[in-house]
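There are 2 protein chains.
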Amino acid sequence: MSTPVITYNRGMSRWEPNARSRLEQAALELYRERGFDQTTVAEIAARAGLTERTFFRYFADKREVLFGGQGALQEIYVSAIASAPESAAPIDAVAAALEAVAPMFRERHAFARQRQTVIAANPGLQERELQKRAALASAMADALRRRGVAEPAASLAAEVGAITFGTAFARWVSEPDAQDLSALIRESLDQLKLITAGK
Amino acid sequence: MSTPVITYNRGMSRWEPNARSRLEQAALELYRERGFDQTTVAEIAARAGLTERTFFRYFADKREVLFGGQGALQEIYVSAIASAPESAAPIDAVAAALEAVAPMFRERHAFARQRQTVIAANPGLQERELQKRAALASAMADALRRRGVAEPAASLAAEVGAITFGTAFARWVSEPDAQDLSALIRESLDQLKLITAGK
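Line order of the protein sequences matches chains A and B. Per our numbering, the first sequence runs over residues 32 to 230. Per our numbering, the second sequence runs over residues 32 to 230.
Looking at chain A on its own, in the form it has when it is part of the complex (with noise of 0.2 Å):
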């Protein structure tokens, strides 16, 4: 009996190894190195040695390279407060929204440290960073309203939360050696509430 051969095309195939990443660190090797309005999909592609078809199987456009998590933390947001004890306070159920973020960035590092550097650099970037943050505060005040949280409360700590998670982050990026997120977002929190207790 003779055994199916198994053939391995390199230009046919719809599956490379690695190709997200791949995509990925060239895209921000080319935003740093010419500026991101300066590169092209067809570059990246051509950095990475991959087709541009396989680009736009992992990212609408260039821009989602940045911004494509987006959906995702939205959801681990919106469900860590949904699965939040019945009697937590609201500021006790974003918390445990943020810490469930956190593991998402374990691997992410570099990637976070390179994508601000691109990002600092882009003044377009930096509205659509903005938008992003008042995305995810306005996703985390539905899911308090969703928890029988009312107004102005609901709005004001899902932004609470977005204030400590954004202070950690940031502090996170800003540190060459990659430290825990978790406890920078806890460090972060404690800071905010003894200084709207006037501390």
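If you're looking for bench data, these hints aren't it; they were derived computationally from the structure.
When chains are identical, the list treats them as one kind, so a pair holds in a single copy or across two.
Capping the alpha-carbon separation at 20 Å, the derived lysine to any residue pairs in SDA-like fashion look like this: (1) K230 x R178; (2) K163 x I150; (3) K163 x A151; (4) K230 x D173; (5) K230 x S118; (6) K230 x R177; (7) K163 x N153; (8) K93 x R144; (9) K163 x A152; (10) K230 x R217; (11) K230 x E182; (12) K230 x P116; (13) K163 x F90; (14) K163 x G197; (15) K224 x A119; (16) K230 x A181; (17) K93 x T71; (18) K230 x A127.
Since the structure of chain A is provided, determine the placement of chain B on it from the hints.
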């Protein structure tokens, strides 16, 4: 002796009564009727019965009709924080700044409501609004650092201020009758303190 005759020549005059508010009103009407992107400066000037040249004496471009107050706001925030008593906690310096800004809006409720409608209809203006808020928070954080407040406390207190003001302002704008903005700011800050205290 002959009395000097003052001639008022509308076409040549460098001064028009209420030019700024006539231009603002004309701009807001057009932004709401046609959309911000579809409105030109020529149309705004014509609607106000003024020249384009007069428009450009008051506003750098059509976006500045909506965002021109940012510089003045920033100055008030910064000087209020600088002049808070040395013993004031960061959150109290920020609260003083928010209270100092409230009187600027006393006669601006109708304007603010129309402006809000225009911004809500245009994603580009929403991003600009987020950017304005971020810039004001960053100016407050700078002012706190000049008082010797360390990081991240300075940034956190400034962000708390931005949230507090944003929540109070949104509530003020949402009501057809102008309430006391200062009172709404104090309520919003009290509520934020309760939330971070886990209540």
